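Can you make the complete structure from the sequences, with help from the hints?
Here the sequence shown stands for residues 801 to 862, numbered as in this note's numbering.
No lab work stands behind these hints: they were computed from the structure.
Pair by pair, the computed Cβ-Cβ distance ranges are:
1) 812 with 836: 42 to 52 angstroms
2) 834 with 813: 46 to 56 angstroms
3) 823 with 855: 19 to 29 angstroms
4) 813 with 860: 33 to 43 angstroms
5) 853 with 819: 20 to 30 angstroms
6) 860 with 811: 42 to 52 angstroms
7) 850 with 806: 26 to 36 angstroms
8) 839 with 807: 41 to 51 angstroms
9) 823 with 801: 13 to 23 angstroms
10) 805 with 826: 25 to 35 angstroms
11) 836 with 861: 12 to 22 angstroms
Since this is a predicted model, take the numbers as computed values, not measurements.
Ideal placement from N, C-alpha and C gives every residue a C-beta, glycine not left out.
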Amino acid sequence: EVQNTFSLPEEMEIMLVIALGYPAESVVIEDVTEQGKIEYWRDEKGIHYVPKRKIRDLIINY
Numbered sequence: 801e802v803q804n805t806f807s808l809p810e811e812m813e814i815m816l817v818i819a820l821g822y823p824a825e826s827v828v829i830e831d832v833t834e835q836g837k838i839e840y841w842r843d844e845k846g847i848h849y850v851p852k853r854k855i856r857d858l859i860i861n862y
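This is the structure we're talking about:
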């Protein structure tokens with residue numbers, strides 16, 4: 801699709817694509833609550849909140 805959009809010849813191989821621009825929305829990464837809720841949500845201003853687990857909660861120590 802990128803090759804067609806920019807009319808690049810077939811012999812040119814696309815090896816990397818970098819997206820540039822401004823985000824379409826505001827996103828806040830936050831820790832998962834003690835209740836363990838992982839649902840995304842938006843506040844009254846439309847800010848998108850994304851809960852993430854901490855790495856120490858994902859790694860099992862033997």
